[in-house]
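There are 2 protein chains.
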Amino acid sequence: MSSAGLNQLVDKPSRWLSEAGPNADLVLSTRVRLARNLRDIPFTQRAAEEEMGIVVSRVVSACQSSPSLAGGDFLAMGELTELDRQFLAERHLISREMVSEVRPAGLFLAAGEGATVMVNEEDHLRLTTVVAGFEIDRAWEAVRRVEEELDSALEFAYSEELGYLTASVFVHLPSLVLTKRIRQVLRGISQVGLAVRGFYGEGSEILGNFFQISNQTTLGLSERETIENLEKVTRQVLEAEVRARRVLLKEAHLQIEDKVFRAYGTLSHARVISAHEVINLVSAVRFGVALGIGPEADLTTLNQLLVMTQPAHLQKLGKREMTEAERNVFRATLVRERLAEPHPTPGPAS
Amino acid sequence: MSSAGLNQLVDKPSRWLSEAGPNADLVLSTRVRLARNLRDIPFTQRAAEEEMGIVVSRVVSACQSSPSLAGGDFLAMGELTELDRQFLAERHLISREMVSEVRPAGLFLAAGEGATVMVNEEDHLRLTTVVAGFEIDRAWEAVRRVEEELDSALEFAYSEELGYLTASVFVHLPSLVLTKRIRQVLRGISQVGLAVRGFYGEGSEILGNFFQISNQTTLGLSERETIENLEKVTRQVLEAEVRARRVLLKEAHLQIEDKVFRAYGTLSHARVISAHEVINLVSAVRFGVALGIGPEADLTTLNQLLVMTQPAHLQKLGKREMTEAERNVFRATLVRERLAEPHPTPGPAS
Numbered sequence: 092m093s094s095a096g097l098n099q100l101v102d103k104p105s106r107w108l109s110e111a112g113p114n115a116d117l118v119l120s121t122r123v124r125l126a127r128n129l130r131d132i133p134f135t136q137r138a139a140e141e142e143m144g145i146v147v148s149r150v151v152s153a154c155q156s157s158p159s160l161a162g163g164d165f166l167a168m169g170e171l172t173e174l175d176r177q178f179l180a181e182r183h184l185i186s187r188e189m190v191s192e193v194r195p196a197g198l199f200l201a202a203g204e205g206a207t208v209m210v211n212e213e214d215h216l217r218l219t220t221v222v223a224g225f226e227i228d229r230a231w232e233a234v235r236r237v238e239e240e241l242d243s244a245l246e247f248a249y250s251e252e253l254g255y256l257t258a259s260v261f262v263h264l265p266s267l268v269l270t271k272r273i274r275q276v277l278r279g280i281s282q283v284g285l286a287v288r289g290f291y292g293e294g295s296e297i298l299g300n301f302f303q304i305s306n307q308t309t310l311g312l313s314e315r316e317t318i319e320n321l322e323k324v325t326r327q328v329l330e331a332e333v334r335a336r337r338v339l340l341k342e343a344h345l346q347i348e349d350k351v352f353r354a355y356g357t358l359s360h361a362r363v364i365s366a367h368e369v370i371n372l373v374s375a376v377r378f379g380v381a382l383g384i385g386p387e388a389d390l391t392t393l394n395q396l397l398v399m400t401q402p403a404h405l406q407k408l409g410k411r412e413m414t415e416a417e418r419n420v421f422r423a424t425l426v427r428e429r430l431a432e433p434h435p436t437p438g439p440a441s
Numbered sequence: 092m093s094s095a096g097l098n099q100l101v102d103k104p105s106r107w108l109s110e111a112g113p114n115a116d117l118v119l120s121t122r123v124r125l126a127r128n129l130r131d132i133p134f135t136q137r138a139a140e141e142e143m144g145i146v147v148s149r150v151v152s153a154c155q156s157s158p159s160l161a162g163g164d165f166l167a168m169g170e171l172t173e174l175d176r177q178f179l180a181e182r183h184l185i186s187r188e189m190v191s192e193v194r195p196a197g198l199f200l201a202a203g204e205g206a207t208v209m210v211n212e213e214d215h216l217r218l219t220t221v222v223a224g225f226e227i228d229r230a231w232e233a234v235r236r237v238e239e240e241l242d243s244a245l246e247f248a249y250s251e252e253l254g255y256l257t258a259s260v261f262v263h264l265p266s267l268v269l270t271k272r273i274r275q276v277l278r279g280i281s282q283v284g285l286a287v288r289g290f291y292g293e294g295s296e297i298l299g300n301f302f303q304i305s306n307q308t309t310l311g312l313s314e315r316e317t318i319e320n321l322e323k324v325t326r327q328v329l330e331a332e333v334r335a336r337r338v339l340l341k342e343a344h345l346q347i348e349d350k351v352f353r354a355y356g357t358l359s360h361a362r363v364i365s366a367h368e369v370i371n372l373v374s375a376v377r378f379g380v381a382l383g384i385g386p387e388a389d390l391t392t393l394n395q396l397l398v399m400t401q402p403a404h405l406q407k408l409g410k411r412e413m414t415e416a417e418r419n420v421f422r423a424t425l426v427r428e429r430l431a432e433p434h435p436t437p438g439p440a441s
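Protein chains in written order, with this note's numbering: chain H, 92 to 441; chain G, 92 to 441.
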């Protein structure tokens, strides 16, 4: 079953990638994660392989009887190829560390990829939900429902409940970057205990003006306070971006339009293109579409391109291993084809 | 009449710009010029204004009775605006010097712009013919016909017949530039007494891999020898370019295709663009079309864009004066519109 579940991910974009959520012009997705550990088994780092196997079988069994995860698949790391694991990491479904994990571990994946359970990462369970757009509450409610359902089947250790929540919002802030206000905004974010990361997560460089804002620590805060704090601060950042967009539209409309359309022209015509260049160009086009001055492209297609053009995704889509040079050609073809497709009806505006 | 003749040039591209001549993939146009002076009047530099006026009236009268120039117009410099003169200079119909000429001088323009007579530049008459593509003989025959017709009505001074012929071929050599063989080729050209200039003529920088190859001096050579020498050497240069194209197509097909299509994507999407950038991008697209790997554009449209996007041309087309910033926007719009037009049926292949 594992390979079928994974191939479904390849052929069909995740639900959160197929719809435009609230504030889609500013926010790509919202993600909430809860870490849990089983009460009677040592933490993953100190657990024996046998104990880790027990964790896997208990968690999988609990997941299968959870209504929220019903019909899902368990992908055991040991049964996946290196490429499959890279694919899951690119989709943010498993961590980079888990790509090279050799002990019993895996990913339980609900239909539609809305909720997932990483098994035997640093914690026994990491429950994650992702939704399109800026909707922390919805993601938070969803992950809590999964947690409650699993809680009835598993016995969680609650001694360290605080600090087990991570929420993050994946935002697009081109105007703050262009108006050079981004440094100040990022400094403000870290001063209130939140973290900002680049496109690919921890330690990654800033690409395409995409940022992940997340809570850095939940110590001293309840889970509700953590969620509310992230929500409030992110909203302030988004408001700053909206103000900067208005200024740019007023003062540099033509330059922005030119930049946006040139990016679209390159994206829709290149025959060889790197993943980084795609991110930067998609960022510019996405900006134009969000401003309402852009070319005829929709945010959902652009968001999907960010995910689909990563190396393992390309190779899964192409159903073969590819060198970097081959990927650069395949990527350019994929981008051209996707941009040429008729646009789906836009979702409800935010 | 003068303004009508000039406006016709604005609205309708010249015949040589509307057709694809022989070797259109390598050569944009061929130009032959003959200088003549009237026997009984001092050279322009030493002539009195009254004498220059006499030259104008005699030459115009002779032109009007010349079958080759029949139906043409005389554009008196004194009656033209600064913009109109710039326009004629951009079209290579008058020299840069003539733009600021305050004494009696002008341009006689045959219908279709195939033959022109510049009056009172350094010489009393400079007869010029331009043809599309690489066809020196045709241009040479045409200018000789005009010269013979005028010779029957005017008395030319023939004491210095040698040195009064200038022929030039406007070539596109992207492969020699890309393969870094261009320096060697240019050195070879100047060693056999020919000159190479950039896009805009004397002293201009090399833009878009376009070059003008011309005879530097005709001293010691008959007019026929001059023509034959230019033809022979240019043919060798074109053969070197064709060989380099074959090599590139074999060894760097994908990179060339990528470069060509990116250039097309930018040209067809930019909202603000400089004249220099248009030349460089048109060069890349023209290269792709010439190689048969290019986007759906035709050489004639691309050649026209090189001419039409120059500053005075834009202002004549837009029927108003424009700042540089306004021109950059108008230019981008013009380029997009022209590239989006349906392509004319291609002319006979060379």
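Honestly, the hints are just simulated from the structure, not real lab data. Worth double-checking, as some hints may not be accurate.
Claimed, not checked - If we take Cβ atoms under 8 Å as the criterion, some of the chain G residues that face chain H in the derived model are:
1) E239
2) E240
3) R353
4) Y355
What the hints assert, rightly or not - Residues of chain G placed beyond 12 Å of chain H at every Cβ, according to the derived structure:
5) A153
6) G162
7) E238
8) S313
9) E314
10) E348
11) D349
12) F352
Keep in mind the model is a prediction, meaning the values are calculated, not measured. Ideal placement from N, C-alpha and C gives every residue a C-beta, glycine not left out.
Verification of the hints:
1. E239: Constraint on E239/G not satisfied, violated at 51 Å.
2. E240: E240/G check fails; min Cβ-Cβ to chain H is 50 Å, beyond 8 Å.
3. R353: Holds, about 5 Å.
4. Y355: holds, 6 Å
5. A153: About 51 Å separates A153/G from the closest Cβ of chain H, which puts it past 12 Å; holds.
6. G162: With a cut-off of 12 Å, G162/G remains clear of chain H, as the shortest Cβ separation is near 43 Å.
7. E238: holds, 48 Å
8. S313: holds, 51 Å
9. E314: Fine: 47 Å to the nearest Cβ keeps E314/G off the interface.
10. E348: violated, 5 Å
11. D349: Non-interface label fails for D349/G: nearest chain H Cβ at 4 Å, not farther than 12 Å.
12. F352: Nearest chain H Cβ is 4 Å from F352/G, so the label is violated.
Going through the hint list in order, the structure does not satisfy hints 1, 2, 10, 11 and 12.
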